[in-house]
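Student: Chain U is fixed; fit chain F onto it per the hints.
Protein sequence lines, in the order shown, are assigned to chains U and F.
Those letters in the first sequence? Residues 1 to 358, by our numbering.
Those letters in the second sequence? Residues 1 to 361, by our numbering.
Since the hints were derived computationally from the structure, they do not count as laboratory data.
Treat the hints loosely; a few may be bogus.
Unchecked claim - The calculated EDC-like cross-link candidates involving lysine to aspartate or glutamate, where the alpha carbons are at most 16 Å apart (straight line), are: (1) U:K100 / U:D169; (2) U:K261 / F:D134; (3) F:K161 / F:D98; (4) F:K264 / F:D57; (5) F:K193 / F:D53; (6) U:K261 / F:E321; (7) U:K336 / F:E321; (8) F:K264 / F:D53.
Said to hold, decoys possible - Facing chain U, from chain F, some residues (calculated, C-beta under 7 Å): (9) L151; (10) W323; (11) G334; (12) I337.
Using N, Cα and C, we set each Cβ at its ideal position, and we do this for glycine too.
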Amino acid sequence: MSMIKRVRKSGGLGQLLIPLVAMGILLLFNLFRDPGFYAIGVAVNNSGNRVLTGNIISIIDSASELAIIAMGMTLVTAACGGQDISVGAVGTIAGSIFVKALKGFSSINLGTVLLALLACCLVTVLFKLFNGTLVSVFRIQPMIATLILFSCGRSIAYWIVGSATPQIDSPIISAMGMTIPGIPIPTPIFGVILVGALLALIFRFTTLRLYTESVGVNEGAARLNGINPILIKLLSFVILGLCVAVAGVIGTCRMGQVSHKTLLIDIEMDAILAVAIGGNSLGGGRFKISGSILGAYIIQMLTTTLLAMRVDPVNIKAYKAVVIIIIVMAGSPVVKNRLTTLWNRRRSGGLHAASGRG
Amino acid sequence: MLSKNTAPNLKVREPMTDAQLLMTITIAIFVAMYGLAMIFMGGGFLRTQQLFDLLNDNAALIIVSCSLTIVMIGGGINISVGGVIGLTVMACALFLNDIGIQNSGLCIFLTLLLALGIGLAFGLLQGFLISYLDIQPFIVTLAGMFLARGLTTILSVNPVKVTHEGFLTLVKTKATISWLGYTAKNGNLIPAKLEIGAIVALAVVLLVYLMLRYAQLGRHIYAVGGNQQSALMLGINVKRTRFMTYLISGLLSGLAGFVFLMHKPAGNASVAMRSEMDAIAASIIGGTLLTGGVGNVIGTFFGAMILATIQKIIALSPLNESWWQEMANGAMLGLFIMLQSVILSNRGKRGKAKVQAAGRE
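Pulled out of the complex, with its shape left as it was, chain U reads as follows (with noise of 0.2 Å):
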């Protein structure tokens, strides 16, 4: 018996049950509703390509961005004991300095992509350094710290390329935001395996996510442990910055422009949200990527399912809003203690009735 607990405990599905029993209620939901939702079809697009089409493929797409911001976003929220909410601001900065570096060259081929990209994620993670110091060395909550670049960002976007909607059009900038020729399967898709695969390895090979829950759950401890909490949390920021840099050139790619004013916009709201529903704490410590990026899909597979039901798209947060108080009501330590009891007593009374009658 206390073999079993003890394995439950250890067990890692328990934080991940929630989100995944979301998960299904929604495919579920979806397959009475209209099995056809899940049917995967090829066509061809503007550029003459074969891609794969279907509410499923489009889903897994358009989270793409969400779900890598929520991977960094996890990081912190595990290390710092609060959120960025500058990342959509700031994915905005990146998505323009990619386009005004694509602009200074003379022409646009695998190289310039690749240095733009390369100067976008320096210019983040200069600016995320900005959020981390005042956040790890002055000491300040993380969302008001973070709040500065939430309230100016997009006007610093702007204000680097110095007009509403610069445009870029390229077969290489589409292929990063659409399509690669000759691979049906959308890019961005590739940018998360991406993305989760390098975390992935970097939690197997370093130390870090030991260090990082460490900070998160008992500072002074990991400190008097000779873990330097603040280049943890400066770390964690740095790696929100590269994860931000990529979602911004993915959503710029996308739509072949930078706007200001629409670019992963509300994002840094639906990955938080993202982190929430994956079951993580949002005072920091012990964290589970994986719960997030199923949150991430969780949300996007509720816009589609609502979308596919004809909601009008502006009503849409009412009703997800529903959902996700559902979602959280369900994950929360009172309703769980208090089902919990009753399953037990249940439980025992059927055993107690079982015993008698044996």
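Tutor: Positioned in the frame of chain U, the structure of chain F alone reads:
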């Protein structure tokens, strides 16, 4: 908190608490900023009406900032206030246009009740979820924001203008103070005008100040925000106190919506967009800490006035573009946050040094 570290046998004057110090800085900066605007921009800033206009235009912001200060002192956060204002404005505008009663006094009273009711409903729901089900405030109020914004567009996607005569007369009713007015070029005396909304906002600031300072609930909110465990051990009903902060916040958001409608009698899907962040910024500039337990609503009032002054200065200057204003707001916020952090950490060090010195003696 740190001021209590001084040993009793040391004869030192009771130094200012952190909150008082931060508030003093905020007021000083507001006065300095307004003074500089008077010197360099002249014109409107020399008239009392300019100050009154700041109050008239930002009455709703001042009220929600007060509500956010209460929640933040209690150690929580509420980002649904902007959404609730938007929903209240839309619902009240539609209600006023559809209502068939001719008695305008009753009409307006019913509208006020509707506004407060919407706020109360959000406050009740969010407070219950946060304090009794122990769900993270950020997520609950984020969902609240989504819900309010979604309901607003469900009510009407198109802008709704209030056509109710009685309400429009209320909108035009202004308190005139003739001795604060100025003489126009043609020799007419133009009295200074203060809208009802601004008076309501000032009353809210005063009431919240008194509540936080003297009422039992106010003291409980500080205690819960400062340290939940200690508050629990002191026998304070922590859950009920946290619940009450969200309830008051919801009510005040509803009131802010009504005040907003009195200033601009039209509902719109984008009313008070992102005003929750402005309200948080005002509270922070006013010296409220997001960690809870520290804050003062007078500081918040001046914080909101600083944001309003920046907006006015940029609107009157040649840099009149929204992105300049956003950048100035960001810079201002950054300045205050750094200032607070530096001051608090310096005081922390000095406090420790003092205690050590006292110990050595």
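Student: If a hint holds in the structure, say so; if it does not, say that too.
Tutor: So, going through the hints one by one against the coordinates:
1. With a CA separation close to 13 Å, the supplied pair K100 (chain U) and D169 (chain U) stays within the 16 Å bound.
2. For a cut-off of 16 Å, the pair hint linking K261 (chain U) to D134 (chain F) is broken: about 35 Å separates their Cα positions.
3. Pair hint K161 (chain F) plus D98 (chain F) holds up; C-alpha atoms about 12 Å apart against a cutoff of 16 Å.
4. Pair hint K264 (chain F) plus D57 (chain F) holds up; C-alpha atoms about 9 Å apart against a cutoff of 16 Å.
5. Restraint check: the Cα-Cα separation between K193 (chain F) and D53 (chain F) comes to about 8 Å, which is no more than 16 Å; the hinted pair holds.
6. This hinted pair checks out: K261 (chain U) and E321 (chain F) have alpha carbons roughly 14 Å apart, not beyond 16 Å.
7. The suggested pairing of K336 (chain U) with E321 (chain F) is violated, with an alpha-carbon distance near 51 Å, which exceeds 16 Å.
8. With a C-alpha separation of about 14 Å, the suggested pairing of K264 (chain F) with D53 (chain F) holds against the 16 Å cut-off.
9. The criterion of a C-beta within 7 Å of any C-beta in chain U is met by L151 (chain F), whose closest approach is roughly 5 Å, and the hint holds.
10. With its C-beta approaching chain U no nearer than about 4 Å, W323 (chain F) sits inside the 7 Å limit, and its interface hint holds.
11. Interface hint status for G334 (chain F): upheld, as the beta-carbon distance to the closest one in chain U is roughly 4 Å, under 7 Å.
12. Of the supplied interface hints, the one on I337 (chain F) holds, with its beta-carbon coming within about 6 Å of a beta-carbon of chain U, less than 7 Å.
Hint compliance for this structure: hints 2 and 7 are not met, and every other hint is.
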